[in-house]
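Protein chains in written order, with our numbering: chain C, 1 to 111; chain L, 1 to 113.
Please note that a few of the clues may not be correct.
What the hints assert, rightly or not - Below, computed lysine to any residue pairings styled on SDA-like, alpha-carbon distance capped at 20 Å: (1) L:Lys9 to C:Pro40; (2) C:Lys106 to L:Gln41; (3) C:Lys103 to L:Gly58.
Please keep in mind that the hints were generated in silico from the structure rather than gathered at the bench.
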Amino acid sequence: EDQVTQSPEALRLQEGESSSLNCSYTVSGLRGLFWYRQDPGKGPEFLFTLYSAGEEKEKERLKATLTKKESFLHITAPKPEDSATYLCAVNYGGSQGNLIFGKGTKLSVKP
Amino acid sequence: DSGVTQTPKHLITATGQRVTLRCSPRSGDLSVYWYQQSLDQGLQFLIQYYNGEERAKGNILERFSAQQFPDLHSELNLSSLELGDSALYFCASSIVSSYNEQFFGPGTRLTVL
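Modelling step: build the complete structure from the supplied sequences, incorporating the hints.
Right, dumping it as structure tokens:
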């Protein structure tokens with residue numbers, strides 16, 4: 001069964017303490033991997049799209065990378081406002097042709 | 001602000017009732033998607049419409065239906081509501097297909113009592 005798995009489920013960091021979030025996928029024929037940020041009770045906010053292994057995208061303190069089996073979201077020197085749930089989603093062009101979401105990593109950054 | 005609007009923000013209703021959720025996509029986007037998010041299931045794709053036509057179906061119950069109108073806004077109809085239907089319902093839109101980035105609305109929180 002096609003799956004998207006995110007780890008860890010929760011991550012607590014001190015302000016300035018860099019770390020990485022992982023998204024591994026077992027789908028074949030990847031058509032795109034998407035990262036979203038979601039604050040409690042809000043809609044997911046689009047961050048990045050990655051299409052091929054080796055691709056990297058950056059935005060402020062966030063950097064997303066992609067390999068053939070997983071993606072990483074690197075957070076450099078995080079601030080408390082980076083606290084949110086980060087969601088990974090995969091489009092594999094399957095019968096549904098739509099996104100499969102992971103369950104997310106809840107990030108807390110303490111000052 | 002993603003440009004996607006959803007109404008209402010909150011909806012409280014009783015079991016057995018029927019409700020309609022409304023979504024307006026970003027200007028220029030032709031595809032609309034509906035998702036359900038509950039605490040234990042995460043974000044689950046329900047259905048996609050493209051330019052008025054149903055394009056893809058996910059885990060949508062037979063009690064649920066949707067449509068997209070000529071002005072591209074969409075409605076999700078939920079009937080014979082059960083307690084387990086309580087969740088956040090999100091609408092998203094993209095330019096054409098699911099290979100493009102999807103932009104999400106603020107959601108409708110449905111509570112079934």
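Handout entry: Holds or violated: lysine 106 (chain C) to glutamine 41 (chain L), with C-alpha atoms at most 20 Å apart
Key = holds, 15 Å
Handout entry: lysine 103 (chain C) paired with glycine 58 (chain L) [C-alpha distance capped at 20 Å]
Key = Roughly 17 Å separates the two Cα atoms, so the pair holds.
Handout entry: Straight-line alpha-carbon gap lysine 9 (chain L) to proline 40 (chain C), limit 20 Å
Key = OK: lysine 9 (chain L) and proline 40 (chain C) at ~14 Å, within 20 Å.
When held up to the earlier numbered hints, the structure conflicts with none and fits them all.
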